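There are 2 protein chains.
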Amino acid sequence: MIDVVDLFRNDYIDKEVTISGWIKNHRKQKEFGFIDFNDGTSFTNLQIVYDNKLDDFLEIQKLHIGSAITVTGKITRSQGSGQTFEMILSKYTLEGDCPEDYPIQPKRHTREFLREQAYLRMRTNLFGATFRVRSVAAYAIHKYFQDNGYVYFHAPLITAADAEGAGEMFQVTTLDLDRVASSGKVDYSKDFFGKRASLTVSGQLQAETFALAYKKTYTFGPTFRAENSNTKTHASEFWMIEPEIAFCDLEQDMQIMEDMLKYVVKYVLDNCPNEMEFFDKFVEKGLIQKLNKLVTSKFTRIDHKEVIDILKKAPVKWEFEPVYGGDIAKEHEKYITEYFNGPVFIKNWPKDIKAFYMKQNKDGETVAAVDLEVPGAGELMGGSQREENYDLLVKRMHELGMKEEELEWYLNLRKYGGCVHSGFGMGFERLLIYLTGVDNIRDVIPYPRTPGNCDY
Amino acid sequence: MIDVVDLFRNDYIDKEVTISGWIKNHRKQKEFGFIDFNDGTSFTNLQIVYDNKLDDFLEIQKLHIGSAITVTGKITRSQGSGQTFEMILSKYTLEGDCPEDYPIQPKRHTREFLREQAYLRMRTNLFGATFRVRSVAAYAIHKYFQDNGYVYFHAPLITAADAEGAGEMFQVTTLDLDRVASSGKVDYSKDFFGKRASLTVSGQLQAETFALAYKKTYTFGPTFRAENSNTKTHASEFWMIEPEIAFCDLEQDMQIMEDMLKYVVKYVLDNCPNEMEFFDKFVEKGLIQKLNKLVTSKFTRIDHKEVIDILKKAPVKWEFEPVYGGDIAKEHEKYITEYFNGPVFIKNWPKDIKAFYMKQNKDGETVAAVDLEVPGAGELMGGSQREENYDLLVKRMHELGMKEEELEWYLNLRKYGGCVHSGFGMGFERLLIYLTGVDNIRDVIPYPRTPGNCDY
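If you're matching them up, the sequences are chains L and C in order.
Sequential numbering of the first sequence, starting at 1, is according to the working numbering.
Sequential numbering of the second sequence, starting at 1, is according to the working numbering.
Bound-form chain L, shown alone (with noise of 0.2 Å):
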């Protein structure tokens, strides 16, 4: 039995084909009828024709939108626009009914309302190319790491660690609830690992642990955020793909970064032209030209000292005023972006705003980090140089009124044959918003978690 996107990539006109699938439409006419049909394989559907010389034509024509059928029928150049091959149908089993009431009809129905019926969306032309798009990028990923000599590594989960003390952590824990309240205490010495534990934020520490014997590794996994924040960008449960490179400084890293997600968007645009179609005709106008233009272009490398003296001297009256020493709001963003007309890196920023691991520049007041600005979505990407001096890192971490012994098998990986290394972070999500236009974090992943709702 062959799949409905067979049908498109072979030549099968005057042949015979039996295929599996559902209804997606059905125009039925007096004499006639045409059912659009799809086994989920292919963004377009294939057309079928039936006439009333069939003797089942009129339960053919009781065939309700969403029902499993099983067709046979010829495959004929097709008469009609909007397609160039149809089946003829000689004869059809039905697999499965599907009531009148099925929520999702041939119609627009709002992202609410799908949201709603989440486990059937992806039925949908708009949730069917946006999971496929999640698919194909996922391995178009897994794709570029892995021709280019890096290891997969899975980071843990459960954490014993809140290193980068990175947002609000989810709790895992075996203790019975309802006995902490009525024994009024928490023993942790019977929870299940013996002490504390929480959904990890982040793989990148671990992941560097890879990189000083690997060289190159890339983590791919779901990392977790208990932020009560209803946006829609925020997600309680996301997938972040963490490389990190030994051998490896600042300029190299942004020379990955950039190869990446070059790589990663023209993989996109070549397996998904459909969809991407779609996407561009439905969702985002020039979407397709936004990703061409990015795969062609040069992205600007410059520090963030440069980008505030351009903020400060921009003709724009700002809503947050650029401050040397302070993070760069959206609307920053976006003005860099346009005034540099692509992509840009914005390397070197201060020290007070970024994380405690990344490389001290010899300014004292800088680190060597590094985030993507990308036009029309912003913050793509941050990554920098990690701290490789053992006594640097330290005093840092006093700085910041952490506590050494609980890191300690990070810090001796500056002890033991470390090495300038770096890497960097991207959320999968943003990219796939970056990629769809479909601007909803809750509409990019399949089940979402977000405050007050886990359902599925």
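These are calculated hints, taken from the structure and not from any lab test.
The structure presented is a predicted model; accordingly, all values stated were derived computationally and were not measured.
It is possible that part of the hints are untrue.
[To be verified] Here are some, though not all, of the chain C residues that point toward chain L, as calculated from beta-carbon distances under 8 Å:
id	residue
1	ALA138
2	GLN146
3	ALA160
4	GLY325
5	TYR339
6	ASN453
[As the list claims (entries may be wrong)] Below are the PhoX-like pairs computed for lysine-lysine, each with C-alpha atoms no more than 20 Å apart in a straight line:
id	chain 1	residue 1	chain 2	residue 2
7	L	LYS185	C	LYS185
8	L	LYS62	C	LYS415
9	L	LYS15	L	LYS62
10	C	LYS334	C	LYS290
11	L	LYS53	L	LYS74
12	C	LYS415	L	LYS24
13	C	LYS262	C	LYS293
14	L	LYS91	L	LYS74
15	C	LYS290	C	LYS262
16	C	LYS24	L	LYS415
17	C	LYS143	L	LYS143
18	L	LYS143	C	LYS266
19	L	LYS415	C	LYS62
20	C	LYS334	C	LYS293
21	C	LYS143	L	LYS266
22	L	LYS91	L	LYS15
23	L	LYS266	L	LYS293
[Stated by the list, open to error] Computed footprint of chain L on chain C, listed as stretches where at least three residues anywhere in the stretch have a Cβ under 8 Å from a Cβ of chain L:
id	segment
24	115-122
25	178-187
26	234-242
Glycine residues also receive a C-beta, built at the ideal position from the N, C-alpha and C atoms.
Please arrange chain C on chain L, whose structure you already have, making use of the hints.
The following block gives chain C in isolation, referenced to the frame of chain L:
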């Protein structure tokens, strides 16, 4: 700058190269010395030769094992045995020193010792090879499914459903446990998701929603079990592959299981020849032969009932008596793969020892479930055709005391264009144990989580 692995893939004879990496071993003679050098991109080390004609000969002789260095030298054909080429050192830079008490010395360390040095153990031959095979096998799995048109699906990790009831679950919470203790009550309305939430034990039920949209889907992600077992095969956090296919019955399901396994095994043999040779020599004698045999063998398919017939007739005194309505013990698995001299699919299991969602056979006693048993490892995968009949599924849930309201969406898949569909699950670490011969799950996961252990 090139990687060590490039030297083994291309001809660099008589060329000068510069390369960064670590000192694995250092043998010093009075007038010359040998450094075993690697950057982690290659299983095989590069041999570096230097002699006392170099100005800094005495300094070089002091270089410690484990140190990071950058070396420049000419690649020449090797005089010695054991390698075809070596580098004649002309200059070096010390990137990062390593003290004499570095735990990873060029001698045999026990696996128990190395488990305590988990952040360094991938620098050894054994773990270096293990985690590279882990990476390559993970990619092979993605490649197999992507090449065959499957959509990769990220199942949710935090879930409010304990649908499968498969073992103990970890609870996920943002409640302040100290406050729970002091207040004497658990108020889930104040918890992050507004209800009790746990870490998933399987993505299968959600994967079915994708199969009924895309026909072919697979998950590859972490799953969690809070089982208090300290055995070689149990971990609390492990990675699972769960493919799910619409319009696919149990026979076709078995074909996919067989195809996928053979593909992945062959891919690893082809792409990790040095690592596999190492495992064959030092970990499991005959490993490569075992795997090659699997790739070329035909998998037997046999009913559970017939297996019990064979076991009952066998001239063996069983520790566990084979029973028609019961499970199959390790000793039985071993006997049956030896009996058929190859992998065996055992199918059509007694329904009372299998999950609620499995397709009920017409005999009223068995379900269309299958376990794959392989020589030397026992059960490697388990799958089933899923019950697509709404009424039968609800009836079975009632028999088992399950509430249908909690799985309304899952049941609805049978209402809205349901169809024959099947899937299977494979524990990724179980596969790795089979592929490498490394027989403890703690040694095939970078940072394993077990009772009392969530270090790093």
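Results of checking the hints against the structure:
no.	hint	verdict
1	ALA138	holds (5 Å)
2	GLN146	holds (5 Å)
3	ALA160	holds (5 Å)
4	GLY325	violated (32 Å)
5	TYR339	violated (34 Å)
6	ASN453	holds (7 Å)
7	LYS185/L with LYS185/C	holds (12 Å)
8	LYS62/L with LYS415/C	holds (17 Å)
9	LYS15/L with LYS62/L	violated (27 Å)
10	LYS334/C with LYS290/C	holds (15 Å)
11	LYS53/L with LYS74/L	holds (15 Å)
12	LYS415/C with LYS24/L	holds (16 Å)
13	LYS262/C with LYS293/C	holds (10 Å)
14	LYS91/L with LYS74/L	holds (10 Å)
15	LYS290/C with LYS262/C	holds (12 Å)
16	LYS24/C with LYS415/L	holds (16 Å)
17	LYS143/C with LYS143/L	holds (9 Å)
18	LYS143/L with LYS266/C	holds (18 Å)
19	LYS415/L with LYS62/C	holds (17 Å)
20	LYS334/C with LYS293/C	holds (17 Å)
21	LYS143/C with LYS266/L	holds (18 Å)
22	LYS91/L with LYS15/L	holds (15 Å)
23	LYS266/L with LYS293/L	holds (11 Å)
24	115-122	holds (count 3)
25	178-187	holds (count 8)
26	234-242	holds (count 3)
Comparing the model with each numbered hint stated earlier shows that hints 4, 5 and 9 do not hold.
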